[in-house]
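Visitor: Convert by adding 3 to the 1-based position in the sequence shown; the result is the number in this note's numbering.
No lab work stands behind these hints, which were simulated from the structure alone.
Predicted model, so just to flag it, every value in this text is computed and none were measured.
Backbone N, C-alpha and C define an ideal beta-carbon position, used for all residues, glycine too.
Be careful, since some hints might not be right.
[Said to hold, decoys possible] Label-pair distances were calculated between CB atoms; the ranges are: (1) Ser-82 <-> Arg-129: 40 to 48 Å; (2) Lys-126 <-> Thr-155: 40 to 48 Å; (3) Leu-113 <-> Ala-172: 17 to 25 Å; (4) Ser-85 <-> Asn-158: 38 to 46 Å; (5) Trp-41 <-> Gly-180: 44 to 52 Å; (6) Ala-117 <-> Ser-72: 32 to 40 Å; (7) Thr-170 <-> Gly-131: 20 to 28 Å.
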Amino acid sequence: MENAQSSAQRVYDQMLTFATIYGGSVLLAIVTLIVGLWLISWIIKVLSSVMTNRHVDRDVQPFLLSLVSGLLRVLLLLSIASTLGVATTSFVAIIGAAGLAVGLALQGSLANFAGGVLILIFKPFRVGDLINAQGFTGNVEAIRIFDTTLVTLDNKTIILPNGPLSTSAITNISTKGTIRVDQVYTVGSQNDIDATEASIRRVVDACPFALKDRTHDVLITKLNANSRDYDVRVWTKSETYWETHYYMLENVARQFGKDDILAPKPQLFVTSE
């Protein structure tokens, strides 16, 4: 009986000693945990509100919020461990080594992830836009966090990694809503200048895709030995760029045939020694 009482007394003394030595640290750690979680929740709400007010794409908001939340929670756990007297140097070293290893292994994927975030935030193009990038021209079908999908005019699907895409030149044909279709037509110098221009003008005026409130140009851009180059500039809506392009090519050829506008005559130069 006395042994049991003695053991209970020792346990009580040990608990009292532990509470005296570590009680304040444990209590402070608990308070830090509660306050820290509340602060993290408040920061995430404020950040979400700011991104919504600044019209940050809703597809990228969850990624950014979860990333910030995860980083803040790691910092909170390190702070609590430090409060309890646990050496955090080893934890930091382990996290750093693991981060370095993962970063090296996923270097390309991380670059694509960062590129996707930048594209979704700054919006150099949107879904449905006609763009030229990385040597490809097509309509943007989807913007994902790691890659962007284009559908070319011949209905091929092109998948472009977001890393290189976010750091290279992009031509967005759809941004302004209107675009100019530039073409060059070469005719023989034997054709009358006014007649040639009038023939091209008939096609421009009949083009259903040409904007009626814009001025379209038909200009002589170059005089060759036996031909003239006409620079034809037609304004149209961005989404009808290719319709305008092909309409002009086909119908200018037809109109030249109707108006007897002739192609350049071949020249043969014969010299004798």
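Visitor: Would you pick out the hints that fail for this structure and give their numbers low to high?
Guide: Checked against the structure, the hints that fail are numbers 2, 4 and 6, while the rest are satisfied.
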